[in-house]
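2 protein chains.
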Amino acid sequence: MSSRWATLATSLTAEDIADAILSQDSQFDSPVLQVVSEAHAKGYETLSLPLTNENWRKRWSDMCLLSVDATDSEKEEASKKAEAWRSRPVFMRDEVTISRLDEAEGIIAMVSEWLELDSPDDGIRHDAEIALRQELAYASYLNIQAAILPPPRNRDYVASYARIINSCLNSTPYITLSVRLPIYNPSVFQPTSPESAFSSPNRKTNRSSPATPALVVSESSPDRPHNSETSLNATWEMWDLIRSMCDYNTRLTLTLDLSPALPSTLGVLSKWAAESVRYIFLPASTFIANMKGYPHRPIILLADANTGRHRRGGESGYSQYVRHLEKTSPPVLAAQKPGTVENFAQGYQDYLQAPLQPLMDNLPSATYHTFEQDPIKYSQYEEAMLRAFHDKPAGQEIVVCIAGAGRGPLVARCLKALERAHREATVFAIEKNPNAYVTLQYRQANEWGTKVQLIFGDMRAIEVPEKADILVSELLGSFGDNELSPECLDGAMRFLKPNGISIPSSYTAHLAPLSSSKLYNEARSSKNDKSLETPYVVMFQNVNVLSGTKASADGIPLTNTHNTRSAKLRFYIPHAGVLHGLAGYFEAVLYGNIGLSIHPQRKDQISKDMLSWFPLFFPFKEPLYLPSGSELQVSIWRLTTEKQVWYEWHAESFLSVPQTNSSNEDLLLSPYGVHAPLFPGGAPPSPMADREDPFLLDSQPRRSATLPTSATPGALAKELEFELVKIGHTSLHNPGGRSSWIGL
Amino acid sequence: MSSRWATLATSLTAEDIADAILSQDSQFDSPVLQVVSEAHAKGYETLSLPLTNENWRKRWSDMCLLSVDATDSEKEEASKKAEAWRSRPVFMRDEVTISRLDEAEGIIAMVSEWLELDSPDDGIRHDAEIALRQELAYASYLNIQAAILPPPRNRDYVASYARIINSCLNSTPYITLSVRLPIYNPSVFQPTSPESAFSSPNRKTNRSSPATPALVVSESSPDRPHNSETSLNATWEMWDLIRSMCDYNTRLTLTLDLSPALPSTLGVLSKWAAESVRYIFLPASTFIANMKGYPHRPIILLADANTGRHRRGGESGYSQYVRHLEKTSPPVLAAQKPGTVENFAQGYQDYLQAPLQPLMDNLPSATYHTFEQDPIKYSQYEEAMLRAFHDKPAGQEIVVCIAGAGRGPLVARCLKALERAHREATVFAIEKNPNAYVTLQYRQANEWGTKVQLIFGDMRAIEVPEKADILVSELLGSFGDNELSPECLDGAMRFLKPNGISIPSSYTAHLAPLSSSKLYNEARSSKNDKSLETPYVVMFQNVNVLSGTKASADGIPLTNTHNTRSAKLRFYIPHAGVLHGLAGYFEAVLYGNIGLSIHPQRKDQISKDMLSWFPLFFPFKEPLYLPSGSELQVSIWRLTTEKQVWYEWHAESFLSVPQTNSSNEDLLLSPYGVHAPLFPGGAPPSPMADREDPFLLDSQPRRSATLPTSATPGALAKELEFELVKIGHTSLHNPGGRSSWIGL
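These protein sequence lines map, in sequence, to chains A and B. Numbering-wise (my numbering), the first sequence opens with residue 36 and increments by one. Numbering-wise (my numbering), the second sequence opens with residue 36 and increments by one.
Okay, chain A solo, but in the shape it has when bound (with noise of 0.2 Å):
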């Protein structure tokens, strides 16, 4: 089972339940028992159930939604049994689908699907609520620890609709709650028109049928065009509210529905794998062409699978191709395969740990051992090295110091280079980790002898009896410079000859906005508050890069890192998300065309497989939402203290609109707080208007007489000027190295 990364369940139905009731085996001892046993045997791991039927929405809609013909006296009387049952609201047996602890054991609870918390109708909204706590108290009475929520269907009243899951939230202590929500709004692409007949304002409805209306993405602009990212994006923005007004909390999932068709854009899909799906819903009448691995491992719910609508496959046929999917998907190949990234960190996806300090504490041996398995670093390494002895005039004899020799890779690297390149050197070997430096003292006896020469001490303070024609060091960290490889080499620098070769030659940073909530959950959870603050080294997996390769208007490159110790960087951003943090990565040119990389886009051209470093992770402390087609622009400073380096970091977002011209029209209107005339009194002649100075003017209205009317031709092209307007900002992160820093 570990080899498979998600669990198959079924979604059965009322309906299945009443064909059991009817078909009844005697082995089993009721209905449920037996559709369970039947779904084990057909290879599912677990199964969804609705928990009422269509009696207790019989029940529901006639005490609470009250026929505009029915007579006062009907009315009197539903009213008096809905505010019964809203005083102590109980189920009759004849209500409910399970009724026993064994029944329901492992069972994920489908909520009654008709129920509107989103209604624009408060009494609705309000006896739904009721309705809801009423089946959650059930469920839990039964032991239930999952619960699938009805889907959100009204944009305007989503707020309602979270308002009223984090309260369930808050007063069921331990089951879980999943909303459903399609992937899109599938009415995209067929704009239905909502039943909207409220009777009001006795808070009663009329409805024809209380069945799930379709989706309103807003009910005050019905006419609005329908294919536009902002409508594809409708149901992950209410999502995204959803989790915000329940404040991230972890017992709130996501049930995926992929019930409409896939859409052809790839961010719609993408912005899906940074959210916490615990369900995938995926009925017979559609297809799931990529996985994508499997975020989170989550449950996927087959629907429809017995209703015959494949019949060439069967019905096992679809948990087959999910199967065949799931084995042939290369996140999960990749994993599979020792070697590569994947494989190796297993484990660690979206895991945060804290960045190495090798300056300020000295490293344990398991730690040098582990990164010097990378397969790929120190042939890089290797490679550059006999490229720059290559460089350097024959017979000359060469002088290479390796500034931070650990347990000595490079050392035997450059040995082996040396070899291969025909050529003799001085080694010298700096380190200053004492312990370390031990083992380098075994390697010298017993592997290099008089060909290297140890030198025991900090880079920054020793004296190195030759200067160097090529200088080596491996102090990048994830982000380049945040291991404080700068500082270090900036004390090691006067051991090298002035046309002196150092590798790394050079190595650049590289910053991109990420949306995680998996990750911004985790860094939040510390106890340390200071822990939204603090970058952290993370091998990334269910995250989504918010920004895209495509240029904004003003040709804005996807990164623009400089060189020097602050950066402020421009991103496009094409599909509406929630900024969580920014992913810092490094790329390092060791010599020539030979490099080291993270980059996510280079990283396989430059240094494929090389595992030594996982990305850096600097969080946001409060999420920052971005619409589809804002610009992000984040700053970041590299600062310094004689004793301490650290980061600070902030984004501001904008957006581009069409420019409205300032005009007059808030003179003449009043925005009610600012009532006090431009000229209080009538504005008594000043004491010191001369003639030839009439200053007073300046406090005039001087562009009435210039603004332009919209009717003008002109008028109407200046429409079509845009500028980018602020829409948002972070606070400063870091302040000082308040939360963090790097001891120098």
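Simulated from the structure, these hints should not be mistaken for laboratory data. Don't take each hint at face value.
No distinction is drawn between identical chains; accordingly, a pair holds when it is met within one copy or between any pair of copies.
[Claimed, not checked] List of simulated lysine-lysine pairs, DSSO-like, C-alpha gap at most 27 Å:
#1 427 to 486
#2 115 to 532
#3 656 to 451
#4 565 to 656
#5 372 to 427
#6 502 to 115
#7 678 to 362
#8 638 to 93
#9 116 to 77
#10 603 to 565
#11 656 to 116
#12 643 to 77
#13 678 to 115
Assemble chain B onto chain A, guided by the hints.
Below, chain B without anything else, positioned relative to chain A:
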């Protein structure tokens, strides 16, 4: 002095001190003491002086800004000097204007104007930061309490400016820093071409003159049109970013520079009213027509008053005119007039008070006494009762029930109205506060006699001997129902005859979005970490109502208050601002056209000079940035259990942007992190792929054939369609009443 709202100061220059040196009077110990004494003699209460002079500017420039045609040895020498200065920053005696404690007493220090803390050049910024720290350290040494900083000038690097200011605030513990800013960018009307000749990369810059450059709104769009709302907002937006990045530090204030001609739009002015303005910089070359009651009692810095610009008034004319405007300012006049809310509320402006809980707590007599002073409220009640009595058939005896009689003001007004109407009535007075009930007994015995029957007890529980024709109550809170008026009246309605009259007959709650850095800081300064989720009673003063009266495209009303217990409201935001909370108001119809209102736009028509209620303030934990032209949607719920009532609130922001059709661009390009192809491994045929049911097609990109090409006129027309795009939201406030509730 207490009648004055503002302090008058003069802003002196290094030249003024140089003049004093030339014309030194022997009675003064130093030229600085002479100019200080002269300023006081002219009636100024304080003065500002630059800390440094041209000598320092020259030395700094010579060290830190290198000419491109400097020789190598000149460069090296300057570089050495700069390094020495950076490691130990120190002034020479002739580089500073002040050097003695007595000279510095009460002085406002002007930090060197030419420091470019937001230069795009890393080196200049770095050296400007060192110079700023040097000046602040020197000012602190001289016990100077306040320093005014040079303005930010470059929108693209204002984050760097803010980071430096934040760092200085944290490292300089006592001094108050004030950011000087023009009220808007004057270059809006006359675009300038900023000099930006940086030599780099050796971090030294050749600049013909380090003179104050013009403000650059954005380097990246030099040809951006300059008369838009965004441009008018540019300086406020910079201020907002700075104070946010400094985490609303209370030692950071604003010096509003009124040098630019006042703009014609009130929105540009009114937003500054909500900010912590400490100084108003007022050069003689300009004029201020309306100071709006001097927000925060600022210090007005008169500059260039001695340059003889306006001959007739002479130097003292400026200060006389400012004092004249002060005296005639409507808020000042109102505060001086007894009986006005402004007079009554002195000392309570922008002061947070916990709302009363008269149901749970028995009010003390002094509280009743305060509220009984209201000159308007009880006469409105008397008038309403009078009209209700007139509307009852003559000769018919009337039963009046006063629910919640307190110390008896409504009883007294009822008897007076009966007298005026020449009617008889049985008056029942119900009161649950045992202490107030003693006062009622006293008044019954001494004033009212048998005309009034007292009933002790909670109106929800007691019985009244007769049903009433008229039920009178005064249970309203600032937000209408926030003192549990509905719940109490639910219990009292049974005393009323079926067609009886309730006074009040109805009431409505109103909300408006509010910006106020002071209220935000007050609310979060409380030790209680729930303090930002609790409503407060506040007499608003330095606040800015963000919503405008201009309806947005689809006719959104200013407030759309429902009579239900939840509401979703939409507000149009004409000018960019920061949402810090919601203002809550109520309006009640007592009877007929007699009412009570604290609604800012209607209170003067309905119940002018009524004192009993200040508005309610619902704070938000995180300030929400709202751009110009955006839409704010606010949800508020009034929720209840059997034991308590509470409000929850939440806000979302939207911006209308042109609709862009979702295209397959991001299928063709590859935003990194999303490398997996749609069909991994070439998608093997499904085991269920029946010929007549090719459901695999569902996962194909289906819309590529119908995508519009941008060259067609149709696609161009589409660009003009707008849609509301979500740009931000707050968290859900006070969920479950965890921070504040009202006891039933």
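Hints, verified against the model:
no. : hint       : in the structure
1   : 427 to 486 : within (19 Å within a copy, 116 Å between copies)
2   : 115 to 532 : between (95 Å within a copy, 22 Å between copies)
3   : 656 to 451 : neither (48 Å within a copy, 62 Å between copies)
4   : 565 to 656 : both (9 Å within a copy, 18 Å between copies)
5   : 372 to 427 : neither (40 Å within a copy, 92 Å between copies)
6   : 502 to 115 : between (96 Å within a copy, 25 Å between copies)
7   : 678 to 362 : neither (52 Å within a copy, 56 Å between copies)
8   : 638 to 93  : neither (60 Å within a copy, 49 Å between copies)
9   : 116 to 77  : neither (44 Å within a copy, 83 Å between copies)
10  : 603 to 565 : within (24 Å within a copy, 36 Å between copies)
11  : 656 to 116 : neither (49 Å within a copy, 42 Å between copies)
12  : 643 to 77  : neither (42 Å within a copy, 77 Å between copies)
13  : 678 to 115 : between (75 Å within a copy, 22 Å between copies)
This entry does not satisfy hints 3, 5, 7, 8, 9, 11 and 12, going by the numbered hints stated previously.
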